[in-house]
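Asks: Sequences listed follow chains A and B, in order. Under our numbering, think of the first position of the first sequence as 1, with each following residue one higher. Under our numbering, think of the first position of the second sequence as 972, with each following residue one higher.
For the record, the hints were derived by calculation from the structure and aren't laboratory data. Bear in mind the structure is a predicted one, so any value in this text is a computation, not a measurement. Using N, Cα and C, we set each Cβ at its ideal position, and we do this for glycine too. Careful, some of the hints might be misleading.
[Stated by the list, open to error] Listed next, the stretches of chain B that the computed footprint assigns to chain A, with coverage defined by at least 3 CB atoms under 8 Å from CB atoms of chain A:
hint : stretch
1    : 974-983
2    : 1001-1012
3    : 1015-1028
4    : 1036-1042
5    : 1055-1065
6    : 1068-1082
[Said to hold, decoys possible] Derived Cβ-Cβ restraints for the label pairs, each shown as a range:
hint : chain 1 : residue 1 : chain 2 : residue 2 : range
7    : B       : Gly-1032  : A       : Leu-605   : 37 to 47 Å
8    : B       : Val-1066  : A       : Arg-563   : 46 to 56 Å
9    : B       : Asp-1080  : A       : Pro-106   : 34 to 44 Å
10   : B       : Asp-1080  : A       : Gly-190   : 49 to 59 Å
11   : A       : Val-587   : B       : Val-1023  : 28 to 38 Å
12   : A       : Gly-190   : B       : Val-1023  : 30 to 40 Å
13   : B       : Asp-1080  : A       : His-702   : 35 to 45 Å
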Amino acid sequence: MTDANLLLLLIMLPFMGSALAAMLPGNARNGEAWLSGGVAVAAFAIAASLFPEVATGGVVRREVEWMPEIGLNFTLRMDGFAWMFSMLITGIGLLVVIYARYYMSPKDPVPRFFSFLLAFMGAMQGMVISGNLILLGIFWELTSIFSFLLIGYWHHNAAARDGARMALIITGIGGLGLLVGLVLIGHIVGSYELDAVLASGDAIRDHDLYVPALLLILLGALTKSAQFPFHFWLPNAMAAPTPVSAYLHSATMVKAGVFLLARLWPVLSGTDEWFLIVGFTGMATLLLGAYFAIFQQDLKGLLAYSTISHLGLITTLLSLGSPLAAVAAIFHMMNHATFKASLFMAAGIIDHEAGTRDMRRLSGLFSSLPITATLAMVASAAMAGVPLLNGFLSKEMFFAETLEQHHGSLLDGAAPYAATIASAFAVAYSVRFIHTVFFGPKPVDLPREPHEPPHWMRLPIELLVLICLIVGVIPGITVGPYLHAAVVAVLGERTPEYSLAVWHGFNTPLMMSAVALVGGALLYLSLGRYLARGEDGPPLFRELRGQRIFERILVTISWRWARWMESHLGTRRLQPQLRLVVSIAFVAALWPLFSAGFTPGWPSLEGVDPVFAAIWAVGAICALGAAHQAKYHRLAALILMGGAGIVTCITFVWLSAPDLAVTQLLVEIVTTVLILLGLRWLPKRVEKVDNSAKPLARMRRHRDFTLAVLCGAGMTMIAYAVMKSPLPDTIGDFFLTRAYPEGGGTNVVNVILVDFRGFDTFGEITVLGIVALTVFALLRRFRPAPDSVGVPEQQRIQNAFDDERPDREVGETVRDYLMVPSVIMQWMFPLAILLAAYLFLRGHDLPGGGFAAGIAMAIGFLLQYIGGGTRWVEDRLRILPVRWIGSGLLIAAFTGIGAWLFGMPFLTSHFQYLDVPVIGKVPAASALLFDLGVFSLVVGATVLILIALAHQSVRSHRVRAVEAAKLEEDA
Amino acid sequence: MELVLALGIGVLTGSGVWLLLRPRTYQVIIGLALLSYAVNLFIFSMGRQLKVGAAPVVAAGAEIDPLAFADPVPQALVLTAIVIGFATTALFLVVLLAARGLTGTDHVDGREPER
């Protein structure tokens, strides 16, 4: 396999492992650990094997075209810097997996844990080797999401949920900013490829958009790396299981921010904006983090603030803009990852063994945990910057750099002092960590009796501490080549001369170290009494809680503003909403017309057919009448609406649209029946005179009337203007000329529906089927209003009539009602089927087709229901509308799929003419089969809707019967 | 002809919009039906020129002059629109009935306005 494909594997392995891990049984701690460990080892080996390629500034690339038309490629790119991070991610990942195997309790659902952990590893890995800015943004977001899932792993715990949510919101907002910033950079450079971006530093820095882009990218990087003022999410994320903290919050995720700063350092740094913003943030974070860390009572809280402070140190170094400072920053990223991961793991062991991580309860653990204590001491010495450990080296470099002057501002002048003070704080909290936990009196009433953990759980710490030691003593020959590869990758030609020696002679940085060590120790001693009081939080800044400010903002935005908007801008009433919709539609139609200089021409009466005009006079009266009557006279309104429908239908006939006329007429019939069936369930409304007397109501009516008139006039104007203006060639020509040669039908409308635009029709009938099923489902739960349950008035009168006559039984009149029409309707059934078949068969060549035939067939069924009644029909005829719908869809779909058998695209039609004896020439197009599907579905859907509604009457009989039975029982 | 049809569309639209803004569900359903007539006719009239007696049914195998026929595209659009219009009317009717059953009122907001 080539090196380039190895890059792809490096990302895919963890994700595949993640999918696999999710499928293992819940108690498979060993299986999960072996799987995850295997993935981590493999990824580590792959990354390690690539070192020769990147050692001297080389780059390994793998490019997969993704969306090349918008400059988006799946580019993977590994250089020395990315390689260093890959090693950290996979190497520390492996150690964390081993550690987690022993840390997680058998009761924890481990598949979820390891699955998320591996997915996070993949996302982080993808982030560092992305060679495309957008790709980088995507992996960046993925790390945020998996970090959210991992922090909230113990989701039964409220602190875990809150911490996870806070981390997601803060890093998510940052991620959004970052994405916009990256897009801006891409816009400036003209490419999203990292190579192109890194090569155009001057262009970026000189561009007008440099400052906005910088601010947005910094927003992303600083939130991710928990820099002031976004630092508060990290301590809250400590609710995560300790392996997660060791991995995400020391070595990897929080490093993503500084990784990005370093990655883009060559193109973004060196300006005043960069120095001021990044420098101020870094120094503030450095000092505040270290200060807060001293006063934490929670072990992990102390480590979290220490991490914030160290990230601030790295940020400060990057802000300086000098190559040497960048070297120090990169070096410190590695060093911090090693000692902090080991310290988190040690804190986890203490928590695991003693049952608490509260420093007020822990003390004197040295005798029960001697080895862990020793390891923790070495690691925290590295954290404090004691000579002969790796933390000392990068800290010395940091001191040296702060002394160098760079910009001559106040910030610059303060840097050495800030560095020394922060370093003294670091010494103080490191000493406090060790002294409080391991020394002093024997602990009293701990939840558990502490003793050394299993050796395998301690092994990761031992390895990391060993690295701290080796790097600290002989840096040049151990870490030297790797650091060099990373530095060259970032700095390129600007790589400075630097020395990794432990001893540089007596110089100012050494003096600063000494001051910090002594000062830190003295500070701890003098704080002894204050710390013994066990107060939570640091003095002076106790009230400055980022968390509380964050919560307050969150409540304001998501609750208070939302409520305000809802109560001031929203309404739960439908009418104002519809009024707004109609008004907006009106303005939206008017605006472009008048902005394009449209002026309505004067209409001419020329060519007006008096018959047509008379028909429409009736139509207009019907429409207006329906509008007027709909409130109090529903049946009248329905009939008038039908009148308008008939006029529409005649218009279609008149203007050469026979297909539409047929369909409109048939749909008109079913719609009327449908609404008639519904009328029964509406409340009675008696016309009252005083109703509209109120001035407010009258005003509303006037307003609505004006709006209605305006809309009507507008539609008239537009329709007239369009009809009067000549149109050039339309796509209609295409269909007209091709319908017969290519579709095999002479009825162009039908050929369009079942052939040219068959896929649209397929979608359309699917919608119809869905609507029918929805209606059916809604009506299953239908409860009629109490005042509609009673026997309808007409039946009451008829029954009363029966009651009065001794020779008649009650119910006879109802049964015999409309006897003659109902017999005729029963006889019509075969005729309706014949009509449907006729409409269907002629459809391809003459007006008709599946839609019309389907509705005609449905009307046939409907007539039986109307004539005979629901029970009479269902005793004799089993209609299974859902099957009609299903088979209709299947026929249409299989007709379409059939084309695949011949290697054609979905729904390609085929036709030929068959000579059938007696009948003659019959078109046999595959489109006919498709039309059969349409037919079947339309029948099923229409019948299903109408029958479901008709059944409600049967149901209400049942309700009445049940209630009557209940009454009898009570009596 | 165009003028008459345009006026007809306008009247249908006006009646439909007026009913749409009324408080009772039945008024809204009738309004929607009228509005859908108007919209269907409007789409139908957007084709190339209205023609009388020129249905888009071509002669098999003959040379075809597209200008001699009515525009088939808006017709195909409207055909499916008619059927879908029926489906939405049915759906709305059922929602209306269900709301009436649940709330006991036929006001569009599911409760009588305060007086």
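Asks: All the hints need checking, so say for each whether the structure fits it.
Replies: Hints versus structure:
1. 974-983: Since 10 is at least three, the answer is holds.
2. 1001-1012: holds (count 8)
3. 1015-1028: holds (count 14)
4. 1036-1042: holds (count 4)
5. 1055-1065: Per the Cβ count (10), the hint holds.
6. 1068-1082: holds (count 10)
7. B:Gly-1032 - A:Leu-605: 37 to 47 Å: Taking Cβ atoms as reference, Gly-1032 (chain B) and Leu-605 (chain A) lie about 42 Å apart, which means the hint holds.
8. B:Val-1066 - A:Arg-563: 46 to 56 Å: violated (28 Å)
9. B:Asp-1080 - A:Pro-106: 34 to 44 Å: This hint is violated: roughly 56 Å between Cβ atoms.
10. B:Asp-1080 - A:Gly-190: 49 to 59 Å: Roughly 55 Å apart at Cβ, these two residues keep to the hinted range, so it holds.
11. A:Val-587 - B:Val-1023: 28 to 38 Å: holds (36 Å)
12. A:Gly-190 - B:Val-1023: 30 to 40 Å: With Cβ atoms ~59 Å apart, the hint is violated.
13. B:Asp-1080 - A:His-702: 35 to 45 Å: At roughly 21 Å between Cβ atoms, His-702 (chain A) and Asp-1080 (chain B) fall outside 35 to 45 Å, so the hint is violated.
Violated hints, in rising order: 8, 9, 12, 13; the structure is consistent with all others.
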